[in-house]
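Top to bottom, those sequences are chains E and A. Residue numbers for the first sequence follow our numbering, beginning at 65 and rising by one. Residue numbers for the second sequence follow our numbering, beginning at 5 and rising by one.
Hints listed in this document are in silico derivations from the structure and should not be mistaken for laboratory results. Nothing false has been slipped in among the hints.
These stretches of chain E come out as covered by chain A in the derived footprint (C-beta under 8 Å, 3 or more residues):
| no. | stretch |
| --- | --- |
| 1 | 251 to 259 |
| 2 | 271 to 278 |
| 3 | 315 to 325 |
| 4 | 362 to 369 |
| 5 | 587 to 596 |
Heads up, simulated PhoX-like pairs for lysine-lysine below, C-alpha to C-alpha not over 20 Å straight-line:
| no. | chain 1 | residue 1 | chain 2 | residue 2 |
| --- | --- | --- | --- | --- |
| 6 | A | 286 | E | 340 |
| 7 | E | 540 | E | 597 |
| 8 | A | 181 | A | 160 |
| 9 | E | 110 | A | 160 |
| 10 | E | 195 | E | 180 |
| 11 | E | 529 | E | 540 |
| 12 | E | 340 | A | 322 |
| 13 | E | 386 | A | 252 |
| 14 | E | 313 | A | 324 |
| 15 | A | 160 | A | 252 |
| 16 | A | 44 | E | 114 |
| 17 | A | 324 | E | 340 |
| 18 | A | 252 | E | 441 |
| 19 | E | 114 | A | 160 |
| 20 | A | 322 | E | 411 |
| 21 | E | 485 | E | 540 |
| 22 | E | 514 | A | 188 |
| 23 | A | 44 | E | 110 |
| 24 | E | 411 | E | 285 |
| 25 | E | 514 | A | 139 |
| 26 | E | 386 | A | 242 |
| 27 | E | 514 | A | 210 |
| 28 | E | 597 | E | 551 |
| 29 | E | 110 | A | 252 |
| 30 | E | 139 | E | 195 |
| 31 | E | 339 | A | 286 |
| 32 | A | 322 | E | 313 |
| 33 | A | 44 | A | 30 |
| 34 | A | 252 | A | 109 |
| 35 | E | 529 | E | 597 |
To be clear about the criterion: a stretch of chain E counts as covered by chain A if any three or more of its residues have a C-beta under 8 Å from a C-beta of chain A, and this derived list gives those stretches:
| no. | stretch |
| --- | --- |
| 36 | 93 to 105 |
| 37 | 302 to 311 |
| 38 | 391 to 403 |
| 39 | 419 to 433 |
| 40 | 495 to 503 |
Each residue gets a CB set at the ideal place from its N, CA and C atoms; glycine is no exception.
What follows is each chain in one-letter form.
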Amino acid sequence: MAGLAAIFGSGAMTNSIREIEGMDIIFIIGSNTKESHPVIANRMIKAFRKGAKIIVADPRRVPMVRFAESFLNLKPGTDIALINGIANVIISEGLYNKEFIDAKTEGFEEWKNSLKDFTPEHVEKITGVSKDEVIKAARLYGNSRNAGIFYTMGITQHVCGTDNVSAVANLAMLTGNIGRESTGINPLRGQNNVQGASDAGCLPNTYPGYQRVDLPEIREKFEKAWGVSLSSNPGLTATEMIPAAHAGKIKAMYIMGENPVVTDPNARHTIDSLKKLDFFVVQDIFLTETAQLADVVLPSTCFAEKDGTFSNTERKVQRVRKAVEPPGEARDDLSILMEISGRLGYKMEYNSPEAVIREFGQVWPAIGGITYDRLDKSGIQWPCPTKDHPGTEYLYKDGFAKDRVRFNAVPYTSPAETTDKEYTFVLTTGRNLFQYHSGSMTRRVEPIEKHAGVAYVEINPEDAKRLNIKNGENIKISSRRGAVEIKARITSTVSAGTIFIPMHYAEASANILTNDALDARAKIPEFKVCAVKIG
Amino acid sequence: MKKLKITIDGKTIEVPENATVLDAAKTAGIAVPTLCHHPKLTPFGGCRLCIVEIKGIPRPVTSCTTPVSDGMEVTTSTEQLENLRKTVLELILSDHPNDCMVCEKAGDCTLQELAYSYGIRENRFAGERRIYEKKDGNPFLERDMEKCILCGRCVKICDEVQGVGAIDFTYRGFKSKICPPYEKDLDCEFCGQCVAVCPTGALTGKQWALKGRQRGVREVDTVCSYCGTGCNITLHVKDNTVTRVTSKEDTWNEGWLCIKGRFGYTFINSPDRLTKPLIRIKDRSSSLNSSNGLDDIFREASWEEAFDHIASRLSDIKTKHGSDAIGGLSSARCTNEENYIFQKLMRAGVGTNNVDHCARL
Numbered sequence: 065m066a067g068l069a070a071i072f073g074s075g076a077m078t079n080s081i082r083e084i085e086g087m088d089i090i091f092i093i094g095s096n097t098k099e100s101h102p103v104i105a106n107r108m109i110k111a112f113r114k115g116a117k118i119i120v121a122d123p124r125r126v127p128m129v130r131f132a133e134s135f136l137n138l139k140p141g142t143d144i145a146l147i148n149g150i151a152n153v154i155i156s157e158g159l160y161n162k163e164f165i166d167a168k169t170e171g172f173e174e175w176k177n178s179l180k181d182f183t184p185e186h187v188e189k190i191t192g193v194s195k196d197e198v199i200k201a202a203r204l205y206g207n208s209r210n211a212g213i214f215y216t217m218g219i220t221q222h223v224c225g226t227d228n229v230s231a232v233a234n235l236a237m238l239t240g241n242i243g244r245e246s247t248g249i250n251p252l253r254g255q256n257n258v259q260g261a262s263d264a265g266c267l268p269n270t271y272p273g274y275q276r277v278d279l280p281e282i283r284e285k286f287e288k289a290w291g292v293s294l295s296s297n298p299g300l301t302a303t304e305m306i307p308a309a310h311a312g313k314i315k316a317m318y319i320m321g322e323n324p325v326v327t328d329p330n331a332r333h334t335i336d337s338l339k340k341l342d343f344f345v346v347q348d349i350f351l352t353e354t355a356q357l358a359d360v361v362l363p364s365t366c367f368a369e370k371d372g373t374f375s376n377t378e379r380k381v382q383r384v385r386k387a388v389e390p391p392g393e394a395r396d397d398l399s400i401l402m403e404i405s406g407r408l409g410y411k412m413e414y415n416s417p418e419a420v421i422r423e424f425g426q427v428w429p430a431i432g433g434i435t436y437d438r439l440d441k442s443g444i445q446w447p448c449p450t451k452d453h454p455g456t457e458y459l460y461k462d463g464f465a466k467d468r469v470r471f472n473a474v475p476y477t478s479p480a481e482t483t484d485k486e487y488t489f490v491l492t493t494g495r496n497l498f499q500y501h502s503g504s505m506t507r508r509v510e511p512i513e514k515h516a517g518v519a520y521v522e523i524n525p526e527d528a529k530r531l532n533i534k535n536g537e538n539i540k541i542s543s544r545r546g547a548v549e550i551k552a553r554i555t556s557t558v559s560a561g562t563i564f565i566p567m568h569y570a571e572a573s574a575n576i577l578t579n580d581a582l583d584a585r586a587k588i589p590e591f592k593v594c595a596v597k598i599g
Numbered sequence: 005m006k007k008l009k010i011t012i013d014g015k016t017i018e019v020p021e022n023a024t025v026l027d028a029a030k031t032a033g034i035a036v037p038t039l040c041h042h043p044k045l046t047p048f049g050g051c052r053l054c055i056v057e058i059k060g061i062p063r064p065v066t067s068c069t070t071p072v073s074d075g076m077e078v079t080t081s082t083e084q085l086e087n088l089r090k091t092v093l094e095l096i097l098s099d100h101p102n103d104c105m106v107c108e109k110a111g112d113c114t115l116q117e118l119a120y121s122y123g124i125r126e127n128r129f130a131g132e133r134r135i136y137e138k139k140d141g142n143p144f145l146e147r148d149m150e151k152c153i154l155c156g157r158c159v160k161i162c163d164e165v166q167g168v169g170a171i172d173f174t175y176r177g178f179k180s181k182i183c184p185p186y187e188k189d190l191d192c193e194f195c196g197q198c199v200a201v202c203p204t205g206a207l208t209g210k211q212w213a214l215k216g217r218q219r220g221v222r223e224v225d226t227v228c229s230y231c232g233t234g235c236n237i238t239l240h241v242k243d244n245t246v247t248r249v250t251s252k253e254d255t256w257n258e259g260w261l262c263i264k265g266r267f268g269y270t271f272i273n274s275p276d277r278l279t280k281p282l283i284r285i286k287d288r289s290s291s292l293n294s295s296n297g298l299d300d301i302f303r304e305a306s307w308e309e310a311f312d313h314i315a316s317r318l319s320d321i322k323t324k325h326g327s328d329a330i331g332g333l334s335s336a337r338c339t340n341e342e343n344y345i346f347q348k349l350m351r352a353g354v355g356t357n358n359v360d361h362c363a364r365l
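So here's chain E without its partners, still in its complex pose (with noise of 0.2 Å):
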């Protein structure tokens, strides 16, 4: 998202979902859509049998994959020569845009030089995609005028995560797929309100709006608004604040709504870290696996027991609306921290949501232009920064934040953790359709844990021969950082030399196993890559 938003000028999606109908190549690449965003998916099918060509871009075989033109089966952590060979082809068949390139972009001569290498010969020898494909690909996508790429965290959690999105950006850039309806790129956020949150300013080095707390005048803006005065030192990311709780920089931390125990990188690290603190709050609906180190444990209230808003992945702001009574003496989110608050000395007091909101849009006019009322029969994308601005369907219609977009030279750097003697496999991380995230939820719905309930390893069955294993058998994996005890599930779905775990299993959890490893801009750690043995 960081690195989009540098490129473009904001780190959102640039279309939105009802567009994907109207593309006519469809690019996805790192995103199991089918499994992970399975109604935005539903649009891929109704472009797709509408005659677009879709393009999957994955280590693994996922669902999506039925529906493809091309399918470039990846191995992981070689996203970078992949895309970069197929700017290469684009451009060496003259497919590129050049007007575009001419009026809105710079730095592609130089760019252009840091492709010279990534012939498809040479991208076949680093990603194990025939050069053959590479061409394919590069064709569908670079006679495409109307072209929408699609990623998550396939291309993100890497620690060249940066980078990947940048040769994401130089890929639209060159073919000017972007910035017109139905064409454009498009990170899918995985969590229902990931993009508000990220909005609202639950980012350390932004208040609300992507307003950077370093400039002395943004700082000044808010300080007004909220009338007190602000620090001026940089915060940490919460990638950042485990460690920092390991080497004893942290002292207290209060997580809402969160559970790092199971969702974040090197699990035995984060909960070691976690129990150094001095003091830890949890405020949650359950006594989650992070929860169960706090000191003081809050019961809040979850989606159906309150009124708000959330922003989906297409910057859209939705209502959000209270149907049950939330059970026993658990209470709404903002009581509970507006109380706090109150006891620290700085008193916050609003009689609604909305008011909330109505405060948030001051701060941060792209929804200013957004109320309650407005919101009641449908959601509004921002940017909306007046009464009777209909909302913004997609991007950059009328240019980029700067006047020109730069491409950016990526060269290919390999995975911070590679195959070795010992540790043969590489380990790839995701979720499945069933399950969500860290569990909390769907392991709660009796139905969903009945049939998605166990977890599993996906492996091929060339490997599984060779090392004997047995569909279902139970069998060891272990990395530098721990090991877990997991049921096989033999499957072509991942190639030879890979294996497949869902996150959302704590009892054997593949953030046991990942490496908490960074991308050094985005801080975003390498889940989608580590090296692994079984046995």
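Given the coordinates of chain E, work out where chain A should sit on it, guided by the hints.
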């Protein structure tokens, strides 16, 4: 697109050239009964209820599969058409269980509604029945094939919208039946799209059996709390319990949901929900396990005590180690308003920029 002029029941209207006669009737505000038709699916012409008379065509035709042509004159209701429709309904009902009293779909059933409006009490064709055992072991969908009228909507939606094709027509004639390959248990994505479009009680959710039909049920429109797609959902609430989740056809997600959105709601009422503030009484080296139960590690506290405890501990740490020794993680589960207040609490209340959420995870 070219517009064509057509006359329906004496009303002349203009419709796009790719419209069907059924579409045109809808445009004219004329209701034509259907069972198999669904506006989001390709036309089937299976139920024969939407028959109309068209000038120049000797026999009634199905309006859902007949494209309009310029100058067409259509009649949607005559005595003969209504008699034919009634006969079709009687035939469909002749081997239907008619157990509306215990059917989950009662009150929201297209077949029941049509039988009501055509006043079908006795059935001239009553006789042999298709007897099928409800035997599908999947935990999500109840498939009661005796109530199936073979409209094919489930088959089409599974193929056309979901791209799965988990079910299809099998056998022929009276024995025709919709089922998964080899009549095995359903093993699919369990999106429940088929349940949403089933016009009868043949397909329902196992979770919502006997939890309430229409009476005393409140519907609340809201947004799904799982992935970032943000599908619009409707919570069906009875006695302070969410009993069912649906999505309306006129939402931006067209009424389509996935397994988590449609069936993953019972966590709301899980007995595991936290109901009281808890304060730790054992040090953190002892974790919850077989020898340490919840009561060994935590004790219940009042909100007042919990708030005071939190405020005094955070203030102490702030005084001793500075504001930046405190970090907060907000939640992508929570609302915009809660997230805004959380970061404001950390920045203005605690005095640190150490605030983040799980965007990276």
